[in-house]
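S.K.: This is what each chain is made of:
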Amino acid sequence: KAGVTQTPRYLIKTRGQQVTLSCSPISGHRSVSWYQQTPGQGLQFLFEYFSETQRNKGNFPGRFSGRQFSNSRSEMNVSTLELGDSALYLCASSLGLGSDGYTFGSGTRLTVV
Amino acid sequence: KQEVTQIPAALSVPEGENLVLNCSFTDSAIYNLQWFRQDPGKGLTSLLLIQSSQREQTSGRLNASLDKSSGRSTLYIAASQPGDSATYLCADSHAGGTSYGKLTFGQGTILTVHP
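Heads up: the sequence lines are chains A and F, in that order. Residue numbering for the first sequence follows my numbering, starting at 1 and increasing by one per position. Residue numbering for the second sequence follows my numbering, starting at 1 and increasing by one per position.
Calculated from the structure, these hints are not laboratory results. Please note that a few of the clues may not be correct.
[Claimed, not checked] Result set (DMTMM-like, lysine to aspartate or glutamate): computed pairs, CA atoms no more than 20 Å apart in a straight line:
(1) F:Lys68 to A:Asp100
(2) F:Lys68 to F:Asp84
(3) F:Lys68 to F:Glu15
(4) F:Lys1 to F:Glu17
(5) A:Lys13 to A:Glu75
(6) A:Lys57 to F:Glu3
All of these numbers come straight from a predicted model, not from anything done at the bench.
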């Protein structure tokens with residue numbers, strides 16, 4: 001079966017711009033979680049969506065937002081980009097039951113210049 | 001606050017050695033614990049998932065154990081190979097509320113297996 005697909009793989013943006021990242025979960029999975037990975041902070045939880053509803057949110061500023069569509073695909077948006085937003089953004093897909101584990105995509109590498 | 005700690009931070013071994021990676025977590029009320037592998041610049045590959053009711057899981061040369069009472073999990077890699085070189089991450093999850101969809105990760109163990 002197809003895995004978790006993240007697009008694009010790489011992005012270069014300028015400070016102040018905004019960016020949208022996409023994640024398509026495994027077919028049948030209704031939960032999508034987003035993470036930011038940086039060398040200094042490791043993997044940090046951004047938010048989770050289940051059946052188009054945000055169920056959980058991490059400690060990130062309001063510039064970070066997301067949404068989920070009826071087909072479970074999710075998008076993450078970062079507005080007013082800062083240099084510190086440069087990171088690998090990963091999404092994870094699951095059934096949303098909590099007991100089934102998570103499958104991650106290959107990530108989107110965002111560089112802010 | 002839930003915290004996950006991994007020891008050691010880095011490990012370099014010759015090919016063929018058996019090795020153990022350690023993971024400790026502060027909140028023993030976990031739902032499950034998952035071990036991942038990450039190659040440089042890539043996403044996470046799930047290795048093993050241990051439910052809170054289980055004591056261990058095995059997949060090929062990998063064996064992971066879970067001891068909730070002591071807040072520890074170990075990943076055992078038998079007969080290591082250069083292809084095992086990667087960063088290994090453990091992460092725990094908890095039930096409901098502010099834990100929906102959230103994994104708490106350790107900082108990882110960077111493993112290098114040299115020929």
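S.K.: Now look at each hint and say whether the structure bears it out.
M.R.: Now for the hints, and whether the structure bears them out:
1. Note on Lys68 (chain F) and Asp100 (chain A): the hinted pairing holds, with a Cα-Cα distance of about 18 Å set against a maximum of 20 Å.
2. Restraint check for Lys68 (chain F) and Asp84 (chain F): not satisfied, since their Cα atoms lie roughly 27 Å apart, outside the 20 Å limit.
3. Note on Lys68 (chain F) and Glu15 (chain F): the hinted pairing is violated, with a Cα-Cα distance of about 32 Å set against a maximum of 20 Å.
4. A C-alpha spacing of about 36 Å is found between Lys1 (chain F) and Glu17 (chain F), which places the hinted pair above 20 Å, so the restraint is violated.
5. Of the pairs offered as hints, the one joining Lys13 (chain A) and Glu75 (chain A) holds, with about 17 Å between alpha carbons and a cut-off of 20 Å not exceeded.
6. For the proposed pair Lys57 (chain A) and Glu3 (chain F), the alpha carbon gap of about 17 Å is at most 20 Å, so the pair holds.
Of the numbered hints stated above, those contradicted by the structure are hints 2, 3, 4, listed in ascending order.
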